[in-house]
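> Please build the complex by placing chains B and C on the supplied structure of chain A, with the hints as guidance.
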Amino acid sequence: MAERQPLLAIEGLTISLPTADGGRASAVRGVDLSIGEGEIVGLAGESGSGKTLSALAVLGLLPGGAKTGGMIHFAGRELSAADGRAQAELRGKDVAMVFQDPMTALHPMLSVGRQMTEHLVFHRKIGRAEADKIAIDMLERVRIPNPRAAMARFPHQFSGGMRQRIAIASALVTGPKLLIADEPTTALDVTVQAGILRLIEQLRRELKLSVLLITHDLGVMSALADRVYVMYAGRVVERGARAEVLARPRHPYTRGLLDALPHGSPSDHPLTALPGSPPAIGRFPAGCAFHPRCRFAEDICRADIPELRDVQPGRAIACPVDPLSAVPA
Amino acid sequence: MTYLRKSWYALPNLLRFVVRRLFVGALLCLGITFVSFALTQVVPGDPVSANLGDRAASDPEIVAAFRARYGLDQPIPQQYALYLERLVHGDLGESQQTHRPVTTDLSQYLPATIELASAAMILALVIGISLGVLAAIARDRWPDQIIRVISLAGVSVPTFWLALVTFYVFFFKLGIAPGVGRLNPGGKAPPSITNMFTIDALLAGQWATFGIALSHIVLPAAVLAIYTIGSITRFTRAAMLESLSQDYVRAARAKGLPTRTVILRHALRPALAAIVTVAGMAFGRMLSGTVLVESVFSWPGIGQYAYKSALALDLRAIMGVSLVVAVIYILVNMAVDLIYAFIDPRIRLG
Amino acid sequence: MSDAAPLVEDVPARPRRRLMRRSAWTQPLGLVGAALLVIIVLLAIFAPWLTAHGPIDQVGRRFMAPSAEHWFGTDQIGRDVFARVIYGARVSLPYALQLVIMASVIGTLLGAIAGYFGGWIDGFIMRAADLVMAFPDIILAMAVVAALGPGLFNAVLAVVVVSWPIYARVVRSMILTIRDEPYVQSSRLLGVSTARALWVDVRPNVMGPLVVLAALEFGHAVLILAGLSFLGLGAQPPAPEWGSMVSEGSKYFDKWWLSVFPGLAILLVVLAANFLGDTLRDALDPRTAKAFR
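Residue numbers (full-length UniProt numbering), protein chains in the order written: chain A, 1 to 329; chain B, 1 to 350; chain C, 1 to 293.
Bear in mind the hints are in silico, worked out from the structure with no lab data behind them.
Don't be surprised by glycine CBs; every beta carbon is placed ideally from N, CA and C.
Heads up, some of the hints might be wrong.
Away from chain B, derived, C-beta distances all over 12 Å, residues of chain A [as the list claims (entries may be wrong)]: (1) Ser-80; (2) Gly-92; (3) Glu-130.
Taking lysine to any residue and the SDA-like style, the derived pairs with C-alpha atoms no more than 20 Å apart in a straight line are [claimed, not checked]: (4) C:Lys-251 x B:Val-165; (5) A:Lys-177 x A:Arg-204; (6) B:Lys-173 x C:Pro-237; (7) A:Lys-125 x B:Arg-260; (8) A:Lys-133 x A:Ser-111; (9) A:Lys-93 x B:Arg-260; (10) C:Lys-251 x B:Thr-166; (11) A:Lys-125 x A:Asp-137; (12) C:Lys-251 x B:Gly-179; (13) B:Lys-308 x C:Ala-147; (14) A:Lys-177 x A:Leu-207; (15) A:Lys-93 x B:Thr-259; (16) A:Lys-177 x A:Glu-37; (17) A:Lys-177 x A:Pro-6; (18) A:Lys-177 x A:Ala-25; (19) A:Lys-177 x B:Thr-166; (20) B:Lys-308 x C:Gly-232; (21) B:Lys-173 x C:Lys-255; (22) C:Lys-251 x B:Thr-259; (23) B:Lys-308 x C:Leu-190; (24) A:Lys-93 x A:Asp-132.
Selected chain A positions facing chain B (in silico; Cβ < 10 Å) [stated by the list, open to error]: (25) Leu-56; (26) Glu-89; (27) Lys-93; (28) Asp-94; (29) Val-95; (30) Pro-108; (31) Arg-114; (32) Pro-155; (33) Ser-170; (34) Ala-171.
Chain A with its partners taken away, still in its complex shape (with noise of 0.2 Å):
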């Protein structure tokens, strides 16, 4: 999969923020990550990893007063991420994004058939029927029943399943190439969630589209990642095919999370939570952000900041003890 031309790259991708005080703080300190065509990549990690700041800056969304550097490439174009405004190009026609909560995601006095439609008259330049008839067609595909009486309801009349929907149809009715979404499951009811899941994956193959998966919920990247990205303070410390990476974790924070999950634990250890909770941005360890957490660390562990190194083609740790090379599957 790492032959395929990436559709998207991120080239050292750096993120501060102020702070309550006029300081400044690292958030996201040098992420690298790249987007195969029609790849699902997860980013996984606690609040406070960067993993949703990562992707706003993608859109140039991030909140005022965040400073940025590094490169994003995307389909052959460059653009530096200190440069909001060529971010601003992309948005909504090239990569589109699907938040958390449908409930407060979708505009409550608006239409649904507004909502739909507005971006694509805007992007495309065509006519209200014309943009209505791809928004119907839109909103079939992800299964709203009646589609065509759905355009002139309020969200607040469908469920929070159905919501989501729109809202997924809402990102894509402009043909973008690439969807980030962050957390799309986590506000909706377990037997809902695996229905948007579905969804996604048929979006995949039917749009050919590249997803950027966000999520803290390795459950959700098992089902439907095919490479993870693992992120802790800032950093990503992990990287590799979801099946390698969930079976057989290498760096200690992503074993621990994955111990952390109630069931499918793929390792003979019982079940344990990580120790500690993680830092909040700045206020990240020196060294290894990790170490305080970590039962393997080292003397090292808190002198140097691990650069992220392969360890095996198309896979990659940030961690100099390596301690689960050794474990079986």
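Okay, now just chains B and C, sitting in the frame of chain A:
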């Protein structure tokens, strides 16, 4: 009972809302009459001496006739019933000062005030919302700070003083504002339809008169609007900040819509609903602000009427004014709620 | 939904806060307001030492324009306008303070009763508050003054009648919010009576918002009392009250200094109170600040 309840919930959401709101409005109006009754009949000591002259009050026969006429010889609940009955017939008593029924006086002066307050409200909404939106977009940067000082100054400046100062500057010194009153001296009023001169002049197609009436209303309306501009600006900023932070605004930006569209269509629309509610409440304060502005600009409205009545200690006239203003306040707020219901699909469609 | 929205969940969590979000004293506008108020109060206290003339002394010719000797000029009977403006603070500030104290005490009591008892008592008090708020404040005050006779104290009484509801609303909503906080719930589980819980847990939390509200309302009190005096229904001449000074001055239109300086004094006091109140309101927890509307 259960049948009633069932059929109530079978009604469309919007209709239920409207019925409930009308009912509450009617109750509030009834409450207003009670407070007004309590203040006129109970608080001010002896209404007899307050309403009759000294000589008449010393004549027992006249006093008895007066008491009987206004039911003052009866217990309070009956008095209230009588008061309500008179009210229904439009009887607010007689003004001591003009010796005419208060209702007649009010109907003569009210249109001028409604005209002035409406003009001021339009100004306040346009300027206040624009400034508030600008401030929210530029949050914590210098335009925000400047707008903040402007809006605080707006709610801090004494209206009557500002009226004098602006009149002094624009009329006396610069000569660009017309004099006091609604028209030039000796000017002929347009044919009476609504008794709001700008509207009547438009309806009659009298462009010259319209221009004159408009030029006369600009300065007093602007002065009257200052306070409301300040409060609407502050409120709009807060409401916009709240809606700008919502997910649906972020989603709209992610769709690549131009900033203008995101701000005006996605962020301002929900904020507007809240702003209109606040504007409805501000209208009441504006009506009472006319007392101070009208007396400076010799604007013949109920504010000036109330002022002259207060100087003459003419209690019936003042209570008539406050009753009318309170009822207008309630009606305006009810109308605003109903408009809100029609705008917001969550209420309209249930 | 949160305030000021961390646009992203990854944004660092702000330190946990209760009622004050950030220090109001680092905000320049609030500092300016506080400093102005202190200066004005000092001017009022030390008025006799600051001007050579008393507020009702005739010290010169009539209508002398502002000069080095009479900074703000002299009025229609030759009194020093500067002295009258300075002494005016001794009239306006105490009455406005009285108004705010009376209205806040009454409003707090009624709001606490409504929030504590709930049910029909709550409904009754809050509907009464709605009704009173429907009445136009100045006009109702005019009615009361017409009934009781002109005078600043009567004006204060009149305005108290229409200004208690805002305090009642804020206190009631604070009580309703705090009553459900875990720490209040837990002290009730421990057998502390509701009344005692209100006193121990709620009172300190209500004080902050009340002070903010009082600061904002103080400005409004100064304005409305000056307005009534301007109309001739509050302070009576020759008392050096700012509103009535503006009114007297307006009779001599070309002598601008008679009206301009007392009006500026009103503006300055109200502006100072609003600068301070507004900054304090911003420092309040957003959930609390909502009750202010």
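> Now, for every hint given, state plainly whether the structure supports it.
Do the hints match the structure? See the list:
1. Ser-80: holds (19 Å)
2. Gly-92: violated (2 Å)
3. Glu-130: Nearest chain B Cβ is 18 Å from A:Glu-130, so the label holds.
4. C:Lys-251 x B:Val-165: holds (13 Å)
5. A:Lys-177 x A:Arg-204: Cα-Cα ~10 Å, so holds.
6. B:Lys-173 x C:Pro-237: violated (29 Å)
7. A:Lys-125 x B:Arg-260: This hinted pair holds, its Cα atoms lying about 17 Å apart.
8. A:Lys-133 x A:Ser-111: Cα-Cα ~16 Å, so holds.
9. A:Lys-93 x B:Arg-260: holds (18 Å)
10. C:Lys-251 x B:Thr-166: holds (15 Å)
11. A:Lys-125 x A:Asp-137: holds (18 Å)
12. C:Lys-251 x B:Gly-179: holds (16 Å)
13. B:Lys-308 x C:Ala-147: Holds, because 15 Å separates the two Cα atoms, which is no more than 20 Å.
14. A:Lys-177 x A:Leu-207: holds (8 Å)
15. A:Lys-93 x B:Thr-259: holds (15 Å)
16. A:Lys-177 x A:Glu-37: holds (8 Å)
17. A:Lys-177 x A:Pro-6: The hint holds at about 12 Å.
18. A:Lys-177 x A:Ala-25: With Cα atoms ~33 Å apart, A:Lys-177 and A:Ala-25 exceed 20 Å; violated.
19. A:Lys-177 x B:Thr-166: Violated. A:Lys-177 to B:Thr-166 sits at ~61 Å, over the 20 Å cutoff.
20. B:Lys-308 x C:Gly-232: Holds - the C-alpha atoms of C:Gly-232 and B:Lys-308 are around 10 Å apart, at most 20 Å.
21. B:Lys-173 x C:Lys-255: holds (13 Å)
22. C:Lys-251 x B:Thr-259: violated (53 Å)
23. B:Lys-308 x C:Leu-190: Judged against 20 Å, a Cα distance of about 62 Å means the pair is violated.
24. A:Lys-93 x A:Asp-132: holds (17 Å)
25. Leu-56: holds (9 Å)
26. Glu-89: Result: holds, 8 Å to nearest chain B Cβ.
27. Lys-93: Cβ of A:Lys-93 sits 6 Å from chain B, so the hint holds.
28. Asp-94: With Cβ-Cβ at 9 Å, under 10 Å, it holds.
29. Val-95: Nearest chain B Cβ about 8 Å off; hint holds.
30. Pro-108: holds (6 Å)
31. Arg-114: Holds. Min distance 9 Å.
32. Pro-155: holds (9 Å)
33. Ser-170: holds (7 Å)
34. Ala-171: holds (7 Å)
Going through the hint list in order, the structure does not satisfy hints 2, 6, 18, 19, 22, 23.
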